[in-house]
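Student: Take a look at the letters that make up each chain.
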Amino acid sequence: MGNIFPRWLNLLPVQALIGLGGIGTLAIAVIWYSFTPKYTRVGYQPQQPIPFDHALHVGQNGMDCRYCHSHVENSSHSNIPNAQVCWNCHGPGKVKSDSPKLEPLRQAMDPNYEKYTGQPIQWVQIHETPDYAYFNHSAHVNRGVSCVECHGKVNEMEVVSHEKPLSMSFCLDCHRNVESHLRPLDQITNLDWSAHGMDEKDREAFYAYVADKAGKPVAEVKAGHEGKEWSQEAMGAYLKDLWKVNPPQDCAACHR
Amino acid sequence: MRWFFLILFAVAVMFAVGIGPRGEKFSKPPLYVFNDMDWQDKLKFQKPSEFFENGQGARKPVANTVPIGYTFPTSPDSAPAESEYFLNGTFGDYYGDGMPAEVTVDNALLQRGQERYQIFCTPCHGTSGNGQGIVSKYWAIPPTANLLDPRVVAMPDGQIFWTITHGKGLMGPYNGAIPAADRWAITAYVRAMQAAGGSK
Numbered sequence: 000m001g002n003i004f005p006r007w008l009n010l011l012p013v014q015a016l017i018g019l020g021g022i023g024t025l026a027i028a029v030i031w032y033s034f035t036p037k038y039t040r041v042g043y044q045p046q047q048p049i050p051f052d053h054a055l056h057v058g059q060n061g062m063d064c065r066y067c068h069s070h071v072e073n074s075s076h077s078n079i080p081n082a083q084v085c086w087n088c089h090g091p092g093k094v095k096s097d098s099p100k101l102e103p104l105r106q107a108m109d110p111n112y113e114k115y116t117g118q119p120i121q122w123v124q125i126h127e128t129p130d131y132a133y134f135n136h137s138a139h140v141n142r143g144v145s146c147v148e149c150h151g152k153v154n155e156m157e158v159v160s161h162e163k164p165l166s167m168s169f170c171l172d173c174h175r176n177v178e179s180h181l182r183p184l185d186q187i188t189n190l191d192w193s194a195h196g197m198d199e200k201d202r203e204a205f206y207a208y209v210a211d212k213a214g215k216p217v218a219e220v221k222a223g224h225e226g227k228e229w230s231q232e233a234m235g236a237y238l239k240d241l242w243k244v245n246p247p248q249d250c251a252a253c254h255r
Numbered sequence: 000m001r002w003f004f005l006i007l008f009a010v011a012v013m014f015a016v017g018i019g020p021r022g023e024k025f026s027k028p029p030l031y032v033f034n035d036m037d038w039q040d041k042l043k044f045q046k047p048s049e050f051f052e053n054g055q056g057a058r059k060p061v062a063n064t065v066p067i068g069y070t071f072p073t074s075p076d077s078a079p080a081e082s083e084y085f086l087n088g089t090f091g092d093y094y095g096d097g098m099p100a101e102v103t104v105d106n107a108l109l110q111r112g113q114e115r116y117q118i119f120c121t122p123c124h125g126t127s128g129n130g131q132g133i134v135s136k137y138w139a140i141p142p143t144a145n146l147l148d149p150r151v152v153a154m155p156d157g158q159i160f161w162t163i164t165h166g167k168g169l170m171g172p173y174n175g176a177i178p179a180a181d182r183w184a185i186t187a188y189v190r191a192m193q194a195a196g197g198s199k
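From first to last, the protein sequence lines stand for chains A and B. In terms of numbering that gives the first Met the number 0, the first sequence opens at residue 0 and continues consecutively. In terms of numbering that gives the first Met the number 0, the second sequence opens at residue 0 and continues consecutively.
Excised from the complex, chain B in its bound form (with noise of 0.2 Å):
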């Protein structure tokens, strides 16, 4: 009996020692024992799918699709749901001026504009629109532009709408990150900096 103890102590030692303490970090993904349906055969979010060629679960829209909730003016009287100038800032090859119909400025759509400014914006163009963001500063990439200057307060309300949308110069587009009620929300956010800040 005390031969079986001590077999039975160094079992439980060795356990002890090849389990080891929770949360230790570990690289090989877990292990699954009873999956349980856990993993199923369905599409799923950003992940790779095995029946499509390319390997990949999300599918790319087909060409010329247009997005839902989307109407394209047919004349300049109609009224569609969103209009040109609410998704890009422009009539035809001009900038617009103003902000579009959709879009009411208020107090809450300059917080909100707020609020997406100090999210997208600050790393490069600073919380004050000075062009001295994080990155400028540390990496001085040269150009980031200064929103407080007289160019910026010149341009149309639609050029500045159009240069989040699409990018500018070293400037990345941000309409796959940002929806264009946000995107106005910044510009209106944009114009309330400029206004608080003079052009210095």
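Next comes chain A alone, as it looks inside the complex (with noise of 0.2 Å):
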């Protein structure tokens, strides 16, 4: 009886392995780079119904935030404008008021307009948390959490854009290391702002607020600081201990 198998399949039980490894792996590579939200989100640009400019409004303009997001400290959710706030400056004989791009603005708030329903302005959600996930703006927006930290630079975006993963480990980053992240109360929707840019002046301003607020004399706020580099997590150490920032990393602290 001669050789049934031929000499080559010796090597086949090999080959099969570096064969399904380099499958295994190429499969790896492709769910890891692609199955988060750093690819399935970010990036999401919708065409809202009305190409509303935030670099115009509040990059050129000098627009705050809280203009037209007016309930951001107040609730936990940060609140799309209704059609009156538009209207407050592009009403009849204001601003722009017969630019062809508000024409969904007109339908819902002149009672004039041939095509009026007075149905609300159906804006496009881009940064959304899953139904299970109770993310509180007010909660960090009055904890010294800016707008730009999950949003991005809104203030240059000419269409907004979802810039930042918001998954749970992004939050989770930010709780486990939240002295990178506090800013002073009045800078919050200034998203332009960094510690860095803070001079000798707004430093000491920054201890004599910190000093007023904790109720102790301002020597005794910068003794702790002597000697240290001002950068963003030394003045967040400050805002931490002033307003015991404790962020919860426990799961029902977002999750009910």
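Rather than coming from a laboratory, the hints here were simulated on the basis of the structure.
The list that follows gives simulated cross-link-like pairs (lysine-lysine, DSSO-like), each with its CA atoms no further than 27 Å apart: (1) A:LYS114 / B:LYS59; (2) B:LYS43 / A:LYS37; (3) A:LYS243 / A:LYS227.
Ranges of calculated distance between the beta carbons of each label pair, as one might list FRET restraints: (4) B:GLY22 / A:ALA26: 16 to 26 Å; (5) A:GLU72 / B:HIS165: 16 to 26 Å; (6) A:ALA207 / B:TYR31: 41 to 51 Å; (7) B:HIS165 / A:PHE34: 48 to 58 Å; (8) B:ALA11 / A:PHE169: 20 to 30 Å; (9) B:PHE90 / A:CYS250: 52 to 62 Å; (10) B:PHE4 / A:ILE49: 48 to 58 Å; (11) A:ALA207 / B:SER127: 17 to 27 Å.
Sample of chain B residues lacking proximity to chain A, with all beta carbon distances greater than 10 Å (derived): (12) VAL16; (13) ALA144; (14) ASN145; (15) GLN158.
The beta-carbon is built from N, C-alpha and C at its ideal position, and this holds for glycine as well.
Fit chain to chain and form the complex, with the hints in mind.
Tutor: If you want it as structure tokens, here you go:
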């Protein structure tokens, strides 16, 4: 009886292992790269019914975020403004009131307009947490977390897009390292602010603010910081102590 | 085996090209393969709902609804939680003057008023209240009021509050965006600006 199996078959088990390893590596690479919000959500830039330009309104005209998102400090939900808010400036006889881009606004607001419906403008939501995650805007905004931490520099976006992944690990990265993300409350909606931009005068004002709120003399507040370099972390540590910020890391903090 | 690796490489390149880099702009809704109860059938802020006929999740209050915490003044001596003057700046058909009993005028109130003024009022009335905000400057909306004008200085406090609440002329109502207590803080801050800036 001769050899049934040809000689090259001896290598088959090894080749099969290498081959499966290659396919497995490729599959893992694809899943690792593209199955997380860093890939699936970042860059989402839907077309809105009115091409509202944040770069123009906030960046150039200097409007505050809270002019439109007026309930962000009091509510878990940061509201999309109702049509009346647009109408305050873009109503009849006011700024660019006959622009064709504002057609949906006139449909919602102008009873004299032939296509008046009175129905709200259907903005497309970009940033969205899953329904089992309860994010509270007011809790963050009132404790020194700026809009920019989660939404990016909206004041430079002509069309808003999803800039941060907003995944659970994104939340936890900040909750575990909160000093890097706190800032004084009056700079919450100043998206271009950074701790490095604070000069000597700003720092003195900051120490005075902390001392005033904590009820301590300024010298005592400053003493804890002598010889250290000024940084976001150093400043964040002050605010963390001042407000007793203790971001929860247990499941029930966000999932109910 | 060489062929296998070549094909694997080709497939890898195809995936790489098909997937593209992270953070690329796209306008279609993100794809969800496993929904994992991400989107549940419950009413959410400012979201549509198929349950209601007009498709809106948010409901309008029924006619004559009274907001929680509001008690109607029954007689002049009764002391309701929030008076008509606090909520509207008026007593019957007349504007009132002075701050309502619910509001204490102190440094904190003026700072709050300054912050709120800069958020809501500066676009038209300008940082100093002179009516030269960005809107008036660039789009020449004609009659933006100069808050330092003697006409406004002479107004009773209730009228300024009423104007913020209901709007006037081209100005829209701000009762939806600014709670009553903050509107009083703005009123107090407008008074402070007038005192500081004189009538010019």
